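Undergrad: Protein chains in written order, with numbering that gives the first Met the number 0: chain A, 0 to 222; chain B, 0 to 252.
Calculated directly from the structure, the hints in this document are not laboratory data. This list has only true hints and no planted wrong ones.
Straight-line distance between alpha carbons at most 30 Å, and here's what the computed BS3-like set of lysine-lysine pairs gives:
| # | chain 1 | residue 1 | chain 2 | residue 2 |
| --- | --- | --- | --- | --- |
| 1 | B | Lys195 | A | Lys67 |
| 2 | A | Lys67 | B | Lys241 |
| 3 | B | Lys195 | A | Lys15 |
Model, not experiment: these values are computed from the prediction.
As a plain string of letters, each chain reads:
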Amino acid sequence: MDLHARHFQDELEQLKARLLEMGGLAEDRVRSAVRALVAGDRAAIERVLSGDGPVNHLHVEIDDRCFKLLALQQPMAVDLRAIVSAVKINTDLERVADLAVNIAETAARYLTHPPVKELIDVPRMADIAQGMLRDALDAYVRRDVQLAQAVLDRDDELDALKTKVFRDLLVHMLRDQATVEPSLDLILISRHLERIGDHATNVAEDVIFMVSAKDVRHHAAEE
Amino acid sequence: MNTSPAIVIREANLWYGGNQALHDISMDIPEKQVTALIGPSGCGKSTLLRCLNRMNDLIDDVRTTGSFLVHGQDIYAPAADVIDVRRRVGMVFQKSNPLPKSIYENVVYGLRVAGIRDRAVLDAACERALTAAALWNEVKDRLATNGLSLSGGQQQRLCIARAIAIEPGIILMDEPCSALDPIATLKIEELIYELKSQYTIVIVTHNLQQAARVSDRTAFFWLGRLIEYSRTAELFTNPTEKHTEDYITGRFG
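Isolated chain A, as found in the complex:
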């Protein structure tokens, strides 16, 4: 017989599945918000704005599962780290979903102005942020430290794009005052996307902690 109680392992698997579902929903909302922005689709924006229910529901449910597992199963070692990580990842994913709402809100305002420029870097940022999130969750499921590390490494790419978006839009704003408001909205959106990357980074750090018990946050890895 496996030394770990099987029903506890079943519970852990269920927790993992719910967390993945949460991640999928959060990622999907980011994708929808950015697509709606690029397509100028107000109805799709509305759907993002009003569609927070399932994520919020899962947020509460996952915390409750973790809480009960900690109280009733007294997990140790890797199991303990898995549950504590799940609590933190859950919070990050909920924030990602909130940021999708923020993107949708900003996009709704942006669309009331004539477009400043063709959107290239913002969708690219969205792709990278979603990819980071997806990989971080894959790393969680597969307990893959290398994949988690790769997520951390991609954060710089996102930061660089955010700076580029800012510089490009600064040029527009200096040239034409009418573009100030929509430009600021795009800068805000790029910032939201950069924040999503930060949350994916947090998830990846939690995965590394869960698997290897190493705390790599705040550049501890460089020491």
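Starting from the known structure of chain A, arrange chain B on it as the hints suggest.
TA: Here is chain B on its own, set in the frame of chain A:
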């Protein structure tokens, strides 16, 4: 709950001589679930457990009032047959107590007492009970060896096999793991989890973590009274009584 409870206890009181050990206990124990009885030493949890198959009959000067219904039948009714009660409500004790007989004879002991002689029936019952007790694979090639030659954890599982061989419906466990190491304990806990699909289990344990891990419902006793009885997840995360909270958080006394 959609099924009727396996055990219904109403206004139960028990005295050892002039000393009242149980005060007005009423509780429903659900069918095919694990119910844990917890509380400090002397709180009455083992006394209550022993009431459920009339083990207290063996102690002089015990007086019991109130009713104990097992599957609807009052086990203290004048017409109740104590042997029949114990056939329907099995017991596993703190210290494993195999008989000084072979593994096989230990398992089929209850059936032999009940007069079953058919070898094929006994063989089938033996394999079924040992399998259910997660011991079959470890002992199937040495059924003739003495039960006392097994390890502590195996002996306890042998006792569980003996208890379930007569298909009791309800199994009482009085600190079944307190003499076992963590690995043997985990095996018993897994077994409890498996058995509840077929049996109603009532377990007395001093180990709060064990109660939390294995049970569906938990009852907390203190000074012979039932202080709180609720779903285990509820009781261990958000008890309603201060005494319960003090006990499970280790702030007691």
